[in-house]
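Chains as they are written, first to last, in full-length UniProt numbering: chain A, 1 to 468; chain B, 1 to 468.
A couple of the hints might just be wrong.
What the hints assert, rightly or not - Using C-beta positions, here's what the derived DEER-type ranges look like:
#1 A:L309 / B:P150: 33 to 41 Å
#2 B:D402 / A:Y122: 46 to 54 Å
#3 B:G404 / A:R302: 25 to 33 Å
#4 A:E124 / B:L184: 49 to 57 Å
#5 B:L184 / A:A164: 50 to 58 Å
#6 B:S97 / A:E124: 23 to 31 Å
#7 B:E144 / A:L309: 57 to 65 Å
In short, the hints are calculated from the structure, not lab data.
Ideal Cβ positions, reconstructed from N, Cα and C, are used throughout, including at glycine.
Protein chains: 2
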Amino acid sequence: MTDQVEELERPAENTSSGDDYVDLTPEYAREILDALGDDDVSRAEELISELHFADIADLLGWASSSQRAKLVDLIRPDFDPELLTELDDELREEVISLLGTEAVAEAISELDSDDVVEVVEYLEEEDQKELLGALSDIERARVEEALSYPEYTAGRIMQRELVAIPDYWSVGQTIDFLRSAKNLPDDFYDIIVVDPRYSPVGIVPLSRAIRTNRPVLIRDVMDTENMRTVVVTEEQENVAHLFRQRDLISAPVVDDTGRLVGVITVDDVVDVIDEEYEEDMMRLAGVGEEDDLSSAIFDTTRSRFTWLLVNLFTAIAASMVISVFEGTIQQLVALAVLMPIVASMGGNAGTQTLTVAVRAIATRELTSTNAWRVIRKEVAVCGLNGLAFAVLTGAVTWFWFDDGLLGAVIGAAMIINLLFAGLFGALIPLGLERAGIDPAVSSSVFLTTITDVVGFFAFLGLAATFLL
Amino acid sequence: MTDQVEELERPAENTSSGDDYVDLTPEYAREILDALGDDDVSRAEELISELHFADIADLLGWASSSQRAKLVDLIRPDFDPELLTELDDELREEVISLLGTEAVAEAISELDSDDVVEVVEYLEEEDQKELLGALSDIERARVEEALSYPEYTAGRIMQRELVAIPDYWSVGQTIDFLRSAKNLPDDFYDIIVVDPRYSPVGIVPLSRAIRTNRPVLIRDVMDTENMRTVVVTEEQENVAHLFRQRDLISAPVVDDTGRLVGVITVDDVVDVIDEEYEEDMMRLAGVGEEDDLSSAIFDTTRSRFTWLLVNLFTAIAASMVISVFEGTIQQLVALAVLMPIVASMGGNAGTQTLTVAVRAIATRELTSTNAWRVIRKEVAVCGLNGLAFAVLTGAVTWFWFDDGLLGAVIGAAMIINLLFAGLFGALIPLGLERAGIDPAVSSSVFLTTITDVVGFFAFLGLAATFLL
């Protein structure tokens, strides 16, 4: 295999490659972009022709917008519409407008319905209409039906192309049917067995179908135990949980009467898993989901502004606590020096708890069943660390300011703040979840408000009481 | 379908169910645990018998350790070894010791090799030996070979059971072979085509094999374009990226001579994706990966202590900056009141940038190709928000303390700190990545040290210069 590669003089090839494409390394990308910069079109064309469409999608993401326009011109002749499914929403819109809706409309008629939905769902209405207009009537009806389901539900990620057969067929009949059928999905992994009402009653994994002798009846090989149907309005998050928990490869989708309307495959679910995680991570940091690398500076600024504004209010709230103790600080400036330590330790300990809780709620390891036990544990953990850091911080303070009582005060404040951090680090996401709100949203800003306010209040309050 | 459910009087059934199992809702779990608490074993047994093993695994996670012991006793008779693959490492160890290694050893001989590896890899050596001893020689050799590969590589997640055929076979020959073969994997999605040296040269997706007429030669239907081989020592993170980027369902794994040694399927990759995300999220919050809900209080406390200790040092560093300005604060206590606002806004704006960067590096949207453009953009975004919040905070300060100059000083400090926040929020993860360190590790502590130090220094320094 290595010899072969050298013969062909591939510019870059990494160890995991096995297909006929070159891996897109940053160096390879740099080479292409440099060729574009030098207006060496034929060199750039040659380099790009070695790339898989998924790598070209990555390259489009790394390029600046002027480079992107040049790249799109180069890929136009051999344009693979699947590339569009690999792009972020904003990037996709840009690439579609660079390609021109006419060219795109023609290309996407090759795609399965779930891919078409992915490409068009967030486009502006006019563009969407134009693209859908190029599809065949059947195909367009399928896509429009998909778009009629709410966002983030099974109906949006399923494909309509599927293989469904009755249970009285034999394996041989099934194979003959598949050999002669038109309009089958590009890839499928399970044959869905339906009853006369077109409700799924079982699945036959292809690996089982292909190993079974022709005369055997489908009803005798079908798997009813491991089939899970999904209702078309189910939230995609729950679909992802189901696939992950049951290690599914595909699942039939039914409407509310139980009729088979589509199938969801694991590759769509992997995308959902990515999205859901990204959402949690971003929400914990107060970043909007639409905040892609490719968003415009002003859009990004605006989307982050809201979170920072909320944070400004909570920071002012914490400052108001401090201002209550202005007199105390005036008498003992060491308090101003030390107070951020208490607040910061509380914030960090609380964030640890919060992150564990948000994550455990998402994976359903944390539910109402074990909520109290987890809360007790988190408070205990933070309390123990509070104790350890009370001793440490107390000792540092004593040594630094030569004031044992000041050390005792900061130690006590530390314990109090970390107990609150553990308690609210667990309570906040659980409370949001119970209220039907994503536990990642605004959790951290609530939490740091509490650890700042409690931290400043405990430290300055104890100091005012015992030191002056 | 609904009628059927009611007929059988299933205690809890949600809309997405379609198999013969009951969904494990928190209420259903509560019912089981209550039955256990009342020592109503037959009721608990009845309820549990309706559950899929993956749900029993969830239930074990939600239970307290005493409830867990009772649950294990109940599932012992019908124990499905696949359940063990669904548990977290610590929980798995506990359940195995409750079941007894002998019982487990017998059960796991039914599993595919990748599942056995998952069950035994983190057990103590003695337990591991005992479990492996119960396997057949071939099976044990397979598992031991897998364990000889480094952790987190393709070799650990692949299965040895696979279907490989030469390219000169016909489709008919292949189907006949599959019908008569023993020792095939439980499930497979692609047939791997190998050359005489047992190197993969292509794959035949089952959906293609089953649709092709018997006389057609494998070499004429095999897919060489979409086959990607993975080297056995490749890091699992890269494998996950490959599957996600190419929408793969399975990929052949080869050793360093190019010989086929195993196959990785998408369900294993979904687990890897979960792990990698969890790692990023946890590392950003300074939580160890071994910090499961089921970890003991003391272990959790210790694992979080280290991060808090690092944070204590950085908090003390920030305090030292403040202590330089003790005299200034004594003269103008308002500074002590306001200084946390500047630091906090910097920390939050920096965390937004940091999270976007860490995430983009993980998905490879951010590489050296576009690093400078992203850094410039992040600095611009933070700078613009710095400007907005300079005006806002300055106005609030002016109003609050009736001091316009103080408002100007806090505004200037805000802009400076947010510029640093944007710069280092992007630079730190990129620098760690370039140094070969996971960009999520310690990023946030570096960042908040910078935003605290810069925030306090800029605000108090400007105040000392212009206000006194």
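To see whether the hints hold, each was checked on the structure:
For A:L309 paired with B:P150, a C-beta distance near 47 Å fails the hint of 33 to 41 Å. As the Cβ distance of B:D402 to A:Y122 is approximately 49 Å, the hint placing it in 46 to 54 Å holds. For the hinted restraint 25 to 33 Å between B:G404 and A:R302, the CB-CB distance of approximately 28 Å keeps it satisfied. At roughly 50 Å, the beta-carbon separation of A:E124 and B:L184 lies within the given 49 to 57 Å, and the hint holds.
Distance hint check for B:L184 and A:A164: the Cβ-Cβ separation is about 26 Å, which falls outside the suggested range of 50 to 58 Å. The given range of 23 to 31 Å is broken by B:S97 and A:E124, whose C-beta atoms sit roughly 60 Å from each other. Between B:E144 and A:L309, the C-beta spacing of about 58 Å keeps the proposed range 57 to 65 Å intact.
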